[in-house]
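J.: Here is what each chain is made of, one letter per residue.
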Amino acid sequence: MPLASEQLTVGEMLLRHGISRRGFIQFCTATATAMALPPWIGAAMAEQLRNARRPSVMYLSFQECTGCFESLTRSFSPTIESLIFNVISLDYDDTLMAAAGDQAEAALATAMKDNFGKYVLVIDGSIPTGAAGAYCASGGRSAVDTLREAAKGAAAIVCVGTCSAFGGIPFADPNPTGAWPVTAIVGDKPIINVSGCPPIPEVITGTLLQFVSTGRVPDLDEHLRPKVFFGNTIHDRCYRRPFFDEGKFAKSFDDEGARNGWCLYELGCKGPTTHNACATIKWNGGTSFPIESGHGCLGCSEPGFWDKGSFYAAQPSAEWGKAGAPSPRRAVELGGAAVAAGAVLGVASAGVSRLRQHRSEQEAADHDRKEL
Amino acid sequence: MSRLGDIPIRSESSARNEPPAADGGLGGGVAAILSELVTLLERLVASDSPGAIDLRSLPMSPMDRAALQRALGAGEVQATVTAQGLSRVRETRVSGVWWVEHFDQQGDMVAELIDVSRVPAILTSATDEIAASARDLRAQLTSPSPGEGKHAARQ
Chain A
1 MPLASEQLTV GEMLLRHGIS RRGFIQFCTA TATAMALPPW IGAAMAEQLR
51 NARRPSVMYL SFQECTGCFE SLTRSFSPTI ESLIFNVISL DYDDTLMAAA
101 GDQAEAALAT AMKDNFGKYV LVIDGSIPTG AAGAYCASGG RSAVDTLREA
151 AKGAAAIVCV GTCSAFGGIP FADPNPTGAW PVTAIVGDKP IINVSGCPPI
201 PEVITGTLLQ FVSTGRVPDL DEHLRPKVFF GNTIHDRCYR RPFFDEGKFA
251 KSFDDEGARN GWCLYELGCK GPTTHNACAT IKWNGGTSFP IESGHGCLGC
301 SEPGFWDKGS FYAAQPSAEW GKAGAPSPRR AVELGGAAVA AGAVLGVASA
351 GVSRLRQHRS EQEAADHDRK EL
Chain B
1 MSRLGDIPIR SESSARNEPP AADGGLGGGV AAILSELVTL LERLVASDSP
51 GAIDLRSLPM SPMDRAALQR ALGAGEVQAT VTAQGLSRVR ETRVSGVWWV
101 EHFDQQGDMV AELIDVSRVP AILTSATDEI AASARDLRAQ LTSPSPGEGK
151 HAARQ
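Listed in order, the protein sequences are those of chains A and B. No gaps in the numbering here: position 35 of the first sequence is 35 in my numbering, and each next residue is one more. No gaps in the numbering here: position 141 of the second sequence is 141 in my numbering, and each next residue is one more.
Pulled out of the complex, with its shape left as it was, chain B reads as follows (with noise of 0.2 Å):
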């Protein structure tokens, strides 16, 4: 056992009086934070403002954890992002609405969030890269060396 979340721990729900998943019912904690991602949807359709909402700092239970993602569901979209740490990026059932989680070079999760956007900020390429990359290609284009011009055609 090397690490503290090793240590085998049994959790209960943080709402006694939840009732079960299985009954369709939610906990108070699981509404709460549905009721906010409707306001932040209505918000992205009205003025395109993305929102968020910081997963670690509310206390859930693993039992509220598991009915959020029931509830939320899984969309189409997957994405990995490998930059200084892992990022995991999934859509939910619910269009507009992303699971993020971001993980240090440990591996150990820094951040949980759920993103209201069209696209997370963190896929979506920045303006001033796309026209420094347009740059460096036509830099290569209009000074290939050999087999670097045909490669970066290509591409």
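One chain only, chain A, in its complex shape (with noise of 0.2 Å):
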């Protein structure tokens, strides 16, 4: 009687899928490539991974637009999402699973308690807590709630995008959802955020493939961001960093400097500040990243860039080195009294966050009375 496919190695379930050992081979020294890791990781991981059961994976999307499971599922290669779901045991995932209403819901809690304290849970979007957490909420349970369930089985968290890692746009001023990162809420569980908006899907895949490899949360930035990845930034990889230190800008989109491909500092460009690794994976399997299309970088991978002011400000030089928002964890001690709802209390402080957690608070409540 053939195994259920829960009970199959990586390797029996590649096998299955007409991947050999070799193919995989080949993914992984690609993988291990990408992430700058040692070179024979990339075998080594192979044959960690073969041998493996594969680890029960569930994504849950909150309030969220799907680009970062877009970003995932439609990554250049097509190997990659099929090697990872390979890989993995993808549980749950309201977005693909053929599943739905009741059956969906039995799922979720079924896997939840086969693979108690195992399981890795990624999140996808912010978590609104106005109104009670109505502004999500899927199957007569708030997203808040059911975040609080599941992350209490689950050995880590992958936050992936901005919105679950650093609140994203639901986040920004004046948030009026209430919406809060992962980081917000539960305070318990080991989390690697995967910033982004959306991150860049080797990145994703990067992550979650690490992770699963090593069984470690790897090193992680002072946000929580793999330093493998988020380490240095825009500015110290990019290919336009030479006409920088020349003094050379392009002063608007349409001007001899900008022909000329030279720095976009002045037009906006937040490389100097954002930790992310476009301008080395790059896009679109490695083709461009937007600095090489001739737009300045937008910060999307750090927290509160919806809230730094305009795209097309130059940043002033004073801000550089400086956290430009305060990290997750931080914005909740900030948020204090905010999030009493949630886990984790700290020092009530008057900081931005709270200010505008309160507003957020205020705008909810006169939203629910004009509602009734």
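One thing to keep in mind: the hints can contain errors.
[Said to hold, decoys possible] DMTMM-like mimics (lysine to aspartate or glutamate), calculated; alpha carbons at most 20 Å apart, straight line: (1) K248(A) x D236(A); (2) K282(A) x D108(B); (3) K282(A) x D136(B); (4) K282(A) x D6(B); (5) K152(A) x D236(A); (6) K152(A) x E105(A); (7) K118(A) x E70(A); (8) K189(A) x D114(A); (9) K152(A) x D188(A).
[Said to hold, decoys possible] Here are a few chain B residues that sit away from chain A, every Cβ distance over 10 Å (derived from the structure): (10) R56; (11) G75; (12) V94; (13) R118.
[As the list claims (entries may be wrong)] Estimated spans, in silico, between C-beta atoms of each pair: (14) D236(A) x L34(B): 24 to 30 Å; (15) E101(B) x G140(A): 30 to 36 Å; (16) A32(B) x Q103(A): 55 to 61 Å.
I should point out that these hints are in silico values taken from the structure, not numbers from a laboratory. Glycine included, C-beta positions come from ideal geometry on N, C-alpha and C.
Take the two lone chains, each set in its own frame, and fit them into one complex as the hints suggest.
T.: Structure representation (structure tokens):
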């Protein structure tokens, strides 16, 4: 009698799908190269994963636009998503799964119970806490309740996209839904933030693969992002950097400087304060990235990027090297009382986040009154 | 012109003071790679631990690359693996040093390594796969359908 798919090792599952050990070594080597990991790790990662049981992964989407998931599933190389979905057991994803309604909710409950303490929870989207969480609900449960329940049995949580990592656009002023990142709701689990609006597909799959193959949370920066992808700024690795050093700047998008490919700093490029791998891994199978296409970096992988002023205003150099916004955990502390319904309470502080939170709560209450 | 790689460029050596190859000299970058290879080869002999150098992570000009290829030369073995994409494995003149290139299904190179091992892992057969093949072959022999047993036995 054939084994159920969840009982198979990754290697057996790959073979069932016609992916040989050699094909898997090719994939892991390319992934290790893209992640700037030591090159011998590729073959070692392939061997380790092939003999491992496929880890259960739950992908929950909350207040989001599905852009991150589009990024993941529409990655340039068609082998990436097919391989990653063979390496993991994607037990719940409401965008992809065939089941719907009660069946889907039952699948989530069963997968959480069967894999308690072992599964990887992937969160896409921010979590609205205003109006008792009513702004985002599925199966009769609010996002905040679903997250708390799902987090209990998770081995780790991977926040895909700036919304789940830092709140993103829903968190932006005036934050009408009282949106928060995952770190504001869950305080007792390892959390890996893969930020970006959306994140680079190879960064999402690479982070998942690294965690699954090693079973360990990778080295993280102060915003809980894997250093291997977020250790450098866009500016550090930008091919236009020599023009910045020479003081050659485009002054408008159609001037001679722009045509000559000069630095876009004066046109608002946020590369100097943005940590991401766009300048090295690039997009669409390594074809290009925004700066290479003639537009400055928006800083979408940083906390609070939506509220940092115009995308087209030059960034004061005084901001360089400073945190542009509170880190996610810091945001929780500043938010203090605002996340009383959450789990983590910090020192109440008259910070920006708290003011914003009070404002959004007030507006949510006003909105509720109008609705009634 | 459909690809970025089609845009003609003129490359200069990354090391301006690098003597040309005709003089028999090696640039600093190439010499550093060869030095690392010596270390990896000695480790391979001492502890049977394979190693690798990721060529795409190194800032090498086409001239550096050509100098490295000349320094390593060509060995006796060349192999092509057709799996998820194409992989080319070439032995160099230096025993235990292999030049390995991986391409994706679109034909774009996704990894280029110098592999230091007895045989690169991608060429060897894994024990579990050999065991599975033995099981399959035995099953074929014990319950052959017309013609199949004969065919399997020949293989």
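J.: Evaluate each hint against the coordinates.
T.: Against the structure, the hints come out as follows:
1. K248(A) x D236(A): Given that 20 Å is the threshold and the Cα spacing comes to 17 Å, the pair holds.
2. K282(A) x D108(B): Holds, because 14 Å separates the two Cα atoms, which is no more than 20 Å.
3. K282(A) x D136(B): With a Cα-Cα distance of about 44 Å, the restraint between K282(A) and D136(B) is violated, given a limit of 20 Å.
4. K282(A) x D6(B): holds (18 Å)
5. K152(A) x D236(A): Roughly 39 Å between the alpha carbons, so the hint for K152(A) and D236(A) is violated.
6. K152(A) x E105(A): Satisfied, since the Cα-Cα distance of roughly 17 Å is no more than 20 Å.
7. K118(A) x E70(A): violated (26 Å)
8. K189(A) x D114(A): OK: K189(A) and D114(A) at ~19 Å, within 20 Å.
9. K152(A) x D188(A): At roughly 9 Å apart (the allowed maximum being 20 Å), D188(A) and K152(A) satisfy the hint.
10. R56: violated (6 Å)
11. G75: holds (20 Å)
12. V94: Non-interface label on V94(B) holds, nearest chain A Cβ at 17 Å vs cutoff 10 Å.
13. R118: holds (13 Å)
14. D236(A) x L34(B): 24 to 30 Å: holds (29 Å)
15. E101(B) x G140(A): 30 to 36 Å: violated (54 Å)
16. A32(B) x Q103(A): 55 to 61 Å: holds (59 Å)
Hints 3, 5, 7, 10 and 15 from the earlier list are contradicted by this structure; the remaining hints agree with it.
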